[in-house]
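A.B. asks: Sequence:
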Amino acid sequence: MVDRAALIKAIQANIENYGYHVTVVTGLNLPRFSYTIGCKENFGLEIIFAGGEYYSENDIRVITIKIVDELEKRKDWKTVNVELGLLGSFSLSSVDKSWSRLVALGAYDFYDQDDIQFVQILPDKEHITMDIPDMSMKFDSCFNPVWQWLIRNWDYSVPRNSTAVTNLKVLRGEKATEAMRWEVDQWEIFSGAGPDVPKEDLRVVPLGVLLGIDQSLEQTIHLQVGTGLWRDPVHLVWNSWTQT
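In this text, residue positions in the sequence shown follow our numbering: the first is 8, and each later residue adds one.
Careful: at least some of the hints might be erroneous.
Restricting the straight-line Cα-Cα distance to at most 25 Å, the calculated cross-link-like pairs of lysine to any residue (SDA-like) are [said to hold, decoys possible]:
1) Lys104 x Leu157
2) Lys206 x Arg68
3) Lys132 x Trp161
4) Lys132 x Leu93
5) Lys47 x Leu93
Just so you know, these hints were derived from the structure itself, not from any lab.
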């Protein structure tokens, strides 16, 4: 169990030393997300980065730091635009409370308040992936299937913390064309031939994220370990494939 007293102490120490604390949540069946605690005292709001598997966890921290630095200069979050070289450019968008109450409970718990404004970090179009939601709209699991596990129980016959190695093409919405189950809780799911995927395009994500991106991937759940599926990118009919 989490030692709440120790966690609160750590948050307070970060706020005192750096002006804010960043909570990063990873694992299980949801996309990674992070949010600040402490920015409210300076800017009247907190910041969320939801999804964004294009980026590493360290990238997310760097981006958040730069956004906070820009807020200190501008104060008005609507005018913030940060350019970070190869990472791309970033702006801020409003967050509906239905989202923040689901993903940023730690901030509400820390402040013991029900009225906290959040804004969402959004990358440019070149760096958008399907796990990044539009948090300005009210949360609806039907329109945000990647994030359905915020309110839906995991009812599949595979471990909730199952993961898949995939590529950026899949995360950007291209149909996966091959899938392989290597372990009870580990898959490989690619658009295109797995061996041809550049190393820099590989990502490890929760299987639940890919099931949200493409419902037709549910068929891969029933694979036995050591077996796989493939399909033509046009007709998209799954065919059995066994490792020899």
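A.B. asks: Which of the numbered hints are not met once you compare them with the structure shown?
C.D. replies: 3 and 5
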